[in-house]
Amino acid sequence: MNRARRFLRHAAVGFQLIQPPHHFQPAESARKLEFPRDHGAHRDAAYEWWYWTGHLMAGNEGSSKNTPDIAGFQATVFRVSPPGGNLPASGNRPENASWLVVHTGISDFQGKTLTHRSWATRERTVNDVMTDRAKDRVKDRVKDLEKDLMPVRVDDTRLAIEMPGLSATMPATPPDSFRLSFDLPQKIPARSPPRIEMRLTSRKPLTLHGDNGYSRKGPCPTCASHYSSYSRLDGTFSISGVQGSLPGLPGSGSVAGWYDHEFGSQSIDPAQTGWDWFSIQLDKPAVEIMLFQVRGSDPAKTWRAGTFIDEKGIARPVTDAEIYPEGAWTSARSKGKYPRAWTVKIPS
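The C-terminal position of the sequence shown is numbered 731 in the numbering used here, with every residue numbered one higher than the one before it.
Rather than coming from a laboratory, the hints here were simulated on the basis of the structure. Be a bit skeptical, because a hint or two may be false.
[Stated by the list, open to error] Mimicking EDC-like on lysine to aspartate or glutamate, the simulated pairs with C-alpha atoms at most 20 Å apart in a straight line are:
id, residue 1, residue 2
1, 728, 666
2, 718, 703
3, 695, 559
4, 720, 666
5, 684, 643
6, 415, 427
7, 720, 681
8, 728, 705
9, 728, 693
10, 667, 709
11, 728, 652
12, 495, 452
13, 695, 643
14, 667, 452
15, 728, 703
16, 415, 617
17, 695, 580
18, 684, 705
19, 570, 491
20, 667, 694
21, 720, 709
22, 415, 594
23, 695, 666
24, 684, 703
25, 415, 643
26, 684, 659
27, 667, 617
[What the hints assert, rightly or not] Using C-beta positions, here's what the derived DEER-type ranges look like:
id, residue 1, residue 2, range
28, 495, 711, 15 to 25 Å
29, 711, 578, 14 to 24 Å
30, 588, 658, 24 to 34 Å
31, 493, 726, 21 to 31 Å
32, 441, 414, 38 to 48 Å
33, 713, 624, 31 to 41 Å
34, 575, 708, 15 to 25 Å
35, 419, 663, 42 to 52 Å
Every value quoted in this text rests on a predicted model; they were computed, and no experiment measured them. Glycine is no exception: its CB is placed at the ideal position from the N, C-alpha and C atoms.
Kindly generate the complete structure, drawing on both the sequences and the hints.
Right under this line is the structure:
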């Protein structure tokens, strides 16, 4: 894919965050979320994303207090609805299918490197990628072809995402758990990259941010999303294949993670230009803090909000946090400037 097409795809995502097509359903405070259905895709929303972040450790599950972190990880799936609205992906009409944009990354603390990958694809099934004549010729091998052609799909009734390079599901047992796997990003792309597989279980109940999941991001009522999190995930990871560019990463270990899911049709006001997000886990006591700020040209109009989650998983809003960037790092390649550190203040 050339840079121009990649830019247009990402620009389309940004446009829908600011000014979605009128036929999509905006986030509303009256909407009651129901799970596990609302872990799945929402075709009436212009966009949504599923987000996993966390730390990888060399010890066994539950030993995180005595085991240093060896790496950080991030895996995100963005789903962008087709501009025409909620249409069936059939009849070999790919313009009716959702775009899926995927970001993965590994921060190797020993090697002091960040390796990342991003790619985009449309949802598809065997019916979408084969002609009727071709399907008739191989009708006895459809199940095998499903594996070979790698369908791309996101379930509407539960969390189940399948595509080349990434898989994420919530099994029936244990409750509030995930199976997440993705190809490890490589500095030099490999035909068969190593793959990391995680089994994660939440130690706390699901958190609904804002007003029962209705999370405002700006001054307008529709500048909002429906936002839920599992803020304390524990589990294990294993790696298959040659690790290559990540010498500091062992073949297996434990995981401390965080899961976010948001969906909506307009998150930010046109006057807002960017945002900063924090998911903070503390060990003593075992509490979590989610904070964000949405910025504009006028610092006085920055929109801040957050959630404090206590040891029992009880959440309360954070409305008076202060967030300051500290120092700056300038990319030699893009000349972009990024904060080196952050100061966060929350009144007790």
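Consistency of the hints with the structure:
no.: 1; hint: 728 - 666; verdict: holds (18 Å)
no.: 2; hint: 718 - 703; verdict: violated (33 Å)
no.: 3; hint: 695 - 559; verdict: holds (16 Å)
no.: 4; hint: 720 - 666; verdict: violated (31 Å)
no.: 5; hint: 684 - 643; verdict: violated (25 Å)
no.: 6; hint: 415 - 427; verdict: holds (15 Å)
no.: 7; hint: 720 - 681; verdict: holds (19 Å)
no.: 8; hint: 728 - 705; verdict: holds (5 Å)
no.: 9; hint: 728 - 693; verdict: holds (17 Å)
no.: 10; hint: 667 - 709; verdict: violated (25 Å)
no.: 11; hint: 728 - 652; verdict: violated (26 Å)
no.: 12; hint: 495 - 452; verdict: holds (13 Å)
no.: 13; hint: 695 - 643; verdict: holds (19 Å)
no.: 14; hint: 667 - 452; verdict: holds (17 Å)
no.: 15; hint: 728 - 703; verdict: holds (9 Å)
no.: 16; hint: 415 - 617; verdict: violated (28 Å)
no.: 17; hint: 695 - 580; verdict: violated (28 Å)
no.: 18; hint: 684 - 705; verdict: holds (13 Å)
no.: 19; hint: 570 - 491; verdict: holds (12 Å)
no.: 20; hint: 667 - 694; verdict: holds (9 Å)
no.: 21; hint: 720 - 709; verdict: holds (12 Å)
no.: 22; hint: 415 - 594; verdict: holds (10 Å)
no.: 23; hint: 695 - 666; verdict: holds (13 Å)
no.: 24; hint: 684 - 703; verdict: holds (14 Å)
no.: 25; hint: 415 - 643; verdict: holds (18 Å)
no.: 26; hint: 684 - 659; verdict: holds (14 Å)
no.: 27; hint: 667 - 617; verdict: holds (16 Å)
no.: 28; hint: 495 - 711: 15 to 25 Å; verdict: holds (19 Å)
no.: 29; hint: 711 - 578: 14 to 24 Å; verdict: violated (36 Å)
no.: 30; hint: 588 - 658: 24 to 34 Å; verdict: holds (26 Å)
no.: 31; hint: 493 - 726: 21 to 31 Å; verdict: holds (27 Å)
no.: 32; hint: 441 - 414: 38 to 48 Å; verdict: holds (43 Å)
no.: 33; hint: 713 - 624: 31 to 41 Å; verdict: holds (35 Å)
no.: 34; hint: 575 - 708: 15 to 25 Å; verdict: violated (40 Å)
no.: 35; hint: 419 - 663: 42 to 52 Å; verdict: violated (27 Å)
Comparing the model with each earlier hint shows violations of hints 2, 4, 5, 10, 11, 16, 17, 29, 34 and 35; every other hint is respected.
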